[in-house]
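Once you've looked at the hints, dock chain B against the given chain A.
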Amino acid sequence: MPMDQSLLNTHVKLLAFDFLSLSPTADPTVFSRFGKLLSRAEIVGTITSRDFKPNKFVRFTIDDGTGCVPCILWLNHLRSPYFSRRDPASVRLIANAATEFAARIKVGVVARVRGRITSYRDEVQITVSDVVIEKDPNMEVLHWLDCLRLARKCYDVDVHKFK
Amino acid sequence: MASLAIKSGALVTLPELHPSSPFYEEGASLRVTGKLQHYYVETAIAIIADGSATLNIDTQHLRDLSFRVGSIYQFIGELHIQQENGAILQARVGRNVDGLDLNLYHQSLQLLRQFHADRMNNSSNLMQF
Numbered sequence: 001m002p003m004d005q006s007l008l009n010t011h012v013k014l015l016a017f018d019f020l021s022l023s024p025t026a027d028p029t030v031f032s033r034f035g036k037l038l039s040r041a042e043i044v045g046t047i048t049s050r051d052f053k054p055n056k057f058v059r060f061t062i063d064d065g066t067g068c069v070p071c072i073l074w075l076n077h078l079r080s081p082y083f084s085r086r087d088p089a090s091v092r093l094i095a096n097a098a099t100e101f102a103a104r105i106k107v108g109v110v111a112r113v114r115g116r117i118t119s120y121r122d123e124v125q126i127t128v129s130d131v132v133i134e135k136d137p138n139m140e141v142l143h144w145l146d147c148l149r150l151a152r153k154c155y156d157v158d159v160h161k162f163k
Numbered sequence: 001m002a003s004l005a006i007k008s009g010a011l012v013t014l015p016e017l018h019p020s021s022p023f024y025e026e027g028a029s030l031r032v033t034g035k036l037q038h039y040y041v042e043t044a045i046a047i048i049a050d051g052s053a054t055l056n057i058d059t060q061h062l063r064d065l066s067f068r069v070g071s072i073y074q075f076i077g078e079l080h081i082q083q084e085n086g087a088i089l090q091a092r093v094g095r096n097v098d099g100l101d102l103n104l105y106h107q108s109l110q111l112l113r114q115f116h117a118d119r120m121n122n123s124s125n126l127m128q129f
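One line per chain: the protein sequences are A and B, in this order. Final position of the first sequence in my numbering is 163; the numbers increase by one with none missing. Final position of the second sequence in my numbering is 129; the numbers increase by one with none missing.
Chain A on its own, in the form it takes in the complex (with noise of 0.2 Å):
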């Protein structure tokens, strides 16, 4: 039966118990869930840890109630071999916009966290594009029912019919 591919490049808001059960796939930049592959996650939770190495990355974590979700925010962008073969302008832009997210990332805030979903020691984590720090205390819940709403109204149809 082929793979639904209807939401790879969708970044699909998961809370972390069901971003945590992600399936790998013979690909690594693509996770299954039911049946449906993805590639690109969006989650809100608090910030609960920060392990900050300067030119390098920051890894954290976030906390949504219902899990932990490991991300990494990479700041080797202007070193590493894998950007050099890119446009210089380019590669300087990600790199200011990556300094300007990690220095949001501060333990306790709530923050909105967008990137792909891959995997580092067979644990699944989120390699971070762009982070966004919640201010209104409500946000956090409205992403809750967002994910409840979405799941059952787009991510989970057609499901059933794999069981």
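Since the hints were made in silico from the structure, they are not lab data. C-beta atoms are modelled at their ideal positions from N, C-alpha and C, and glycine is treated no differently. It is possible that part of the hints are untrue.
Output of the computed footprint for chain A on chain B, the stretches with three or more beta carbons under 8 Å from beta carbons of chain A [claimed, not checked]: (1) 9 to 21; (2) 44 to 56; (3) 83 to 94; (4) 97 to 105.
The following block gives chain B in isolation, referenced to the frame of chain A:
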């Protein structure tokens, strides 16, 4: 990996946190929300309330958080059961959540738990790819 050592704070309301509750156990990682009733500067103990239920919070590890009686706070930490003084939450994270719609919070928490429980029940029936 550092994240493996950090437990998620289970969402719990203060009225649910009584000795017969499954959340009420030594070392349990919890997230609690309540209105600040008292704050003792000398001990860094805060007392938060939700209705008639209260909980002591040890805030000695928190920095950059100012306490104002009457404001609403949310804490994540580990519960410690004390024989004489009841339970106290050793907070590792805290923030002011003034403006939080508590009715929406409580109703959404019930929906979240139901969704989580349904998913746990159904996931074993769904094919994994």
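Going through the hints against the structure:
1. Under the rule that three or more residues need a Cβ within less than 8 Å of chain A, the assignment of the segment 9 to 21 of chain B holds, with 3 such residues.
2. With 0 residues having a beta carbon nearer than 8 Å to a beta carbon of chain A, the segment 44 to 56 of chain B misses the requirement of three or more and the stated coverage is violated.
3. Only residues whose C-beta sits within less than 8 Å of a C-beta in chain A count toward coverage, and the segment 83 to 94 of chain B has 3 of them, enough to reach three; the restraint holds.
4. Counting residues of the segment 97 to 105 of chain B whose beta carbon lies closer than 8 Å to any beta carbon of chain A gives 7, which meets the minimum of three for the stated coverage.
Of the hints listed earlier, the one the structure fails to meet is number 2.
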